[in-house]
Amino acid sequence: MLSQTAEPVIVLKNLVKQYGDFTAVDSLSLVIYKGEIFGLLGPNGAGKTTTILMMLGLTEPTSGEVRVCGINSTRNPMQVKRKVGYMPDDVGFYEDRTALDNLIYTARLNRIPPKEAEARARELLERVGLADAADKRVGTFSRGMRQRLGLADVLIKRPEVIILDEPTLGIDPEGVRELLALIRDLSRKEKLTVLLSSHHLHQVQQICDRVGLFVRGRLIACGNIDTLSSQLEGAPAHRLELDAAPVSDALISQISGLEGVLSVERKEPDRLAAAVGGDAAPVTLIVSSSSDVTAEIARLVAASGANLYGLRPHRYGLDDIYHRYFEGSETHERVG
Amino acid sequence: MSAWAEKLRELLRGVFRRQAGGAEGSGEAYKPGETGHAAESRSSAASERVLSPFWVMVQKEFGDHVRSWRFIILLAIITLACIGSIYAAVTALREGVSLLGGDADTEYLFLSMFTVSNGTLPNFLTFLSFLAPLIGVALGFDAVNSERNKGTLSRVLSQPVYRDDFLNAKFVAGLLLIAVVIFSLGFLVMGMGLLTIGYPPTPEEFFRILLVLFITTVYVGLWLNLSIFFSVRFRQAATSALAGIAVWIFFLVFYDMIVNLIGTALAPVNAVSIQQVQSYANLIMFLTRISPAELFQEAASTLLFPDVRTLNPFVTQDQAYLAISAPLSFGQSTLLVWPHIVALIAETALVFAASYVLFMRQEIRSRH
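Chains A and B, in that order, give the protein sequences.
Reading the first sequence from the start, the letters are residues 1 to 336 in my numbering.
Reading the second sequence from the start, the letters are residues 1001 to 1368 in my numbering.
Keep in mind that the hints are not guaranteed to be accurate.
[Claimed, not checked] Computed spacing ranges between beta-carbons, pair by pair:
id : chain 1 : residue 1 : chain 2 : residue 2 : range
1  : A       : Asp226    : B       : Ser1068   : 49 to 59 Å
2  : B       : Ser1068   : A       : Lys34     : 38 to 48 Å
3  : B       : Leu1266   : A       : Ser27     : 58 to 68 Å
[Stated by the list, open to error] Listed next, the stretches of chain B that the computed footprint assigns to chain A, with coverage defined by at least 3 CB atoms under 8 Å from CB atoms of chain A:
id : region
4  : 1056-1068
5  : 1154-1162
[Claimed, not checked] The calculated lysine-lysine pairs, modelled on DSS-like cross-linking and capped at a C-alpha distance of 30 Å, are:
id : chain 1 : residue 1 : chain 2 : residue 2
6  : A       : Lys136    : A       : Lys115
7  : A       : Lys13     : A       : Lys34
8  : B       : Lys1150   : B       : Lys1060
9  : A       : Lys136    : A       : Lys13
10 : A       : Lys136    : A       : Lys267
11 : B       : Lys1060   : A       : Lys115
12 : A       : Lys13     : A       : Lys267
13 : A       : Lys136    : A       : Lys34
14 : A       : Lys136    : A       : Lys83
15 : A       : Lys115    : A       : Lys189
16 : A       : Lys13     : B       : Lys1060
17 : B       : Lys1060   : A       : Lys136
18 : A       : Lys267    : B       : Lys1150
19 : B       : Lys1150   : A       : Lys115
20 : A       : Lys191    : B       : Lys1060
21 : A       : Lys13     : A       : Lys115
22 : A       : Lys34     : A       : Lys83
23 : A       : Lys191    : A       : Lys83
Treat the hints as calculated values from the structure; they're not laboratory data.
C-beta: ideal position from N, C-alpha, C; glycine also.
Chain A with its partners taken away, still in its complex shape (with noise of 0.2 Å):
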């Protein structure tokens, strides 16, 4: 975890931003510290795109400000864009240049001489696994292919920071894992600050070292997951699955009965581990808790002369903090 004495590297200071009488960003303040990765969540339309477009200064603000390694976004635009590298959902090459072609191209117009161009572009090629496809026409490319190519084209200039927005989507679950591993490699071998936008939180949750969870405009929430959950009101802290044969209700009250339990939920057994196992296949007992009690609920397990077959700490997902603030949502509008 990053101290919060790090340097401020991104900077948002009640940012607003209006189209007509909607507001897609509404006076979001943020700071994003050197060398973190840090994942923009959101749902569709949040708002996550309007604010990553103002960092880059490709669209002004109706108030508030923006800095990105220190320059004003909106003033100097073009000094942010040589420290930022952006990649774009959706990223989009010219479908009939090679790959090279397309990286030369981005570095060239980062004033980067053409014989450096190629050099850097062909080490980039090779670093996210596209060196031999460097020669091949971008329009032969699969998604997964042009994201990477995207992460190499975002790189090419050098960045401080780069953006990248919706780098997953659309790819498969090999893929993701390969994308997301090299974003992480890359963050903290080039002590890159990543900025990352998605709605897929299990994907981003992996990576990222603080979360601000976006919903129509607002910062609902931030930090790191552990704090985020426990922002979250109701939420216990830790919850923990528990596998183990046989299960008496004496164990189960036993369980209930130490500090900081706050339920314990029997999981029904599926048919089919029933039919084999008979009485002696594993119950799988759920426990949420205030505080984390993974060891005393082994000893107790232990002692009852039960046999452990699982103890598995389940952390909140953020599927689990997104689902938990849409259902508070939900209510509050129908309050309203």
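Keeping the supplied structure of chain A fixed, place chain B upon it in accordance with the hints.
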């Protein structure tokens, strides 16, 4: 404003750097001891001499155009038209058509390469005025919207590139290409004419043709600009192509009709004074000359027919009677069409300004 200032500064810096590099290079010969150093700094200067993003974009656009099927097809059509018109002109000249028109002098025989025909095919000038808008529209109709739809617009604009440079590069690349095509076609026709009729042009004729080619380039540039404007305005390439073609057909076919309609409606029934008739004629002339096609036609034909002494349809009997029937010199012809050239350039600038304003106000989003 600040963007312009910064650009200017960069430009100046580039010029100075080049000069400094040159000075170092020339000093090298006199100081053998420092040769190594000078050579080193020169090579570093060479590697530092990087094209500005604007010219990189122009280069790329130009390359894209040249390689595209669209351009090859256009070029094929134009070349065919060119060969056809030369053939028609040459046969007409052989049959002596041009000699029937005026006095049997060969003073402007070379110019008639561009203007006569044996009747089977239109002459070169007609072909050009017909096809020029098509070239312009074809090169520009998907300039901006295709980039937007492919998602490359937001990627390019997130590079350190001025937004207006993007539009300028599109225009400059198109215009360069058009200039190359038109001038090479013009020279081709001249060369072929030289070979077939064996009669060399006078310098005056040569300059007249050059000026016509220049006007044609401006004219095509106008259409290019118009189609770029439509490509900014319409998200679909097909819509913008259709809009461009519609405007073309409008000026080609309907505009004259509409002007005629207005003319008959406004015609003074019982003209009392000469002023009344004159102002009416002036109005009609003004209306006709709004059309770029008309401007181009008038300018080009005035230059190619040195006999044309005035473009005013309203000549008094005295003027007609007293005028000496002699061709104008190149300078005088140019003077006659100068307003046309200015008007064409002004219309081009107007359309460019419109697309500029529209583009600067647009949101840069990917594909939406």
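Evaluated hints:
no. : hint                             : result
1   : A:Asp226 - B:Ser1068: 49 to 59 Å : holds (55 Å)
2   : B:Ser1068 - A:Lys34: 38 to 48 Å  : holds (45 Å)
3   : B:Leu1266 - A:Ser27: 58 to 68 Å  : holds (60 Å)
4   : 1056-1068                        : holds (count 5)
5   : 1154-1162                        : holds (count 9)
6   : A:Lys136 - A:Lys115              : holds (20 Å)
7   : A:Lys13 - A:Lys34                : holds (17 Å)
8   : B:Lys1150 - B:Lys1060            : holds (16 Å)
9   : A:Lys136 - A:Lys13               : violated (44 Å)
10  : A:Lys136 - A:Lys267              : violated (52 Å)
11  : B:Lys1060 - A:Lys115             : holds (17 Å)
12  : A:Lys13 - A:Lys267               : violated (47 Å)
13  : A:Lys136 - A:Lys34               : violated (36 Å)
14  : A:Lys136 - A:Lys83               : holds (29 Å)
15  : A:Lys115 - A:Lys189              : holds (25 Å)
16  : A:Lys13 - B:Lys1060              : violated (39 Å)
17  : B:Lys1060 - A:Lys136             : holds (18 Å)
18  : A:Lys267 - B:Lys1150             : violated (49 Å)
19  : B:Lys1150 - A:Lys115             : holds (28 Å)
20  : A:Lys191 - B:Lys1060             : violated (33 Å)
21  : A:Lys13 - A:Lys115               : violated (41 Å)
22  : A:Lys34 - A:Lys83                : holds (13 Å)
23  : A:Lys191 - A:Lys83               : holds (14 Å)
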